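Asker: Using the sequences plus the hints, can you model the full thing?
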Amino acid sequence: MATENGKQAEAESRQSQPKSKLLLSLRLAAVLATATATVVMTLNKQSTRMAVAVVGTSPILQTFTAAFQQTPAFVYFVIANAIASLYNLLVLLLRPFLKAKPHDILVHLLDEVIFALVATGAAAAASMAELGKNGNVHARWNPICDRFEAFCIRGGLALMASFAGALLLLLMNAFSTFTLHKSVLSQD
Amino acid sequence: MVKASSRLFSLLLRLLAAAATLCATVIMATSHDSTTLFGLTLDAKFQYTPSFKFFVVANAIGCGYSLVVLFVPPTSSLSRLVIVLDVMVAMLLTAAIAAAGALAQLGKRGNSHAGWLPTCGQIPSFCHHVMGALICALVGVVAYLLLLLHTIHTVLTPLFP
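Residue numbers (the numbering used here), protein chains in the order written: chain C, 3 to 190; chain A, 55 to 215.
The hints are simulated quantities; they were obtained by calculation from the structure and are not laboratory data.
Bear in mind the structure is a predicted one, so any value in this text is a computation, not a measurement.
One should not assume that every hint holds.
[Claimed, not checked] Here are the computed lysine-lysine pairs in the DSSO-like style, where the Cα-Cα straight-line distance is at most 27 Å:
| id | chain 1 | residue 1 | chain 2 | residue 2 |
| --- | --- | --- | --- | --- |
| 1 | A | Lys-99 | C | Lys-47 |
| 2 | C | Lys-135 | A | Lys-162 |
| 3 | A | Lys-57 | C | Lys-103 |
| 4 | C | Lys-135 | A | Lys-99 |
| 5 | C | Lys-184 | A | Lys-57 |
Answerer: This is the structure we're talking about:
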């Protein structure tokens, strides 16, 4: 009975080697994606000078700035992606100390929470980005992407990186859920 | 294996989630207001904003899914798929709240840097409807979260010694 259990544990650990490698690579890719999104959106700033009035023949120019701090949705986006990338980096660095079963379950639950954070940050920022690109005729809100093209492009890239990170986190959650459930089903 | 009390608890949570998402859908769908400014009639409907349309669709999907899943027997192989779909629908609902919440904050405060004026002063009924819909959807998301935690606890219990 004891040798059977020992052989089963060995077979399981051999089977879980490619799975743990897959989870590791997914987590690393998620760190890169969310870190990219954070950095690109943080450095997203553009200033343009536009003519506000004309005095005689010379126009009066004023500098307008578009930055991510002006929109609370983008601030939340930056914070959410920063938290997600730091958390995943921490889990990657602390992997040798997190081998026990309760640690596994805790990391899995926190993974779900972090995925929810990234998904909501991306959703809020995407709604703001759509508004900035198309405006809203009924609310008399003009689109800003025609004036601040670089701001919009960089914001779009950050958003794409965040969506990629959210997808990677979703895949990682799904795989680790199946792994945990499989170990439960084998014990049933 | 699945106790009757835990089944009852998850049934109640699903009913709560279905009711909350149904409320959110209906309240957002019936939100419209119009005001007259300088002889022009300005009206506000949820269809004018893609985020609010997404909110209505997502909550409708959440409500329909909750009601359909009530009829799935809890120990079949379909119940494993239900766990996965629960997570996906919970994510959909939270994303809907996030998107609609961003637009609602903008409508209330405006954005002075983009030259966007706040519109809630002219259309108070619309803004109240949106706030009510957001609260109902939040209740639905909390119900889904509790349901997920309950499912994880009852299904993964053998792992806890």
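Asker: If you draw a straight line from the CA of Lys-57/A to the CA of Lys-103/C, is it 27 Å or shorter?
Answerer: With Cα atoms ~25 Å apart, Lys-57/A and Lys-103/C stay inside 27 Å; holds.
Asker: Within 27 Å, alpha carbon to alpha carbon, are Lys-135/C and Lys-162/A?
Answerer: Answer holds: Lys-135/C to Lys-162/A is near 20 Å, not above 27 Å.
Asker: Does the structure keep Lys-99/A and Lys-47/C at a Cα separation of 27 Å or less?
Answerer: violated, 33 Å
Asker: Quickly compare the C-alpha distance for Lys-135/C and Lys-99/A to 27 Å and report which way the hint goes.
Answerer: holds, 20 Å
Asker: Holds or violated: Lys-184/C with Lys-57/A, Cα cutoff 27 Å?
Answerer: Judged against 27 Å, a Cα distance of about 21 Å means the pair holds.
Consistency with the previously given hints fails for number 1 only.
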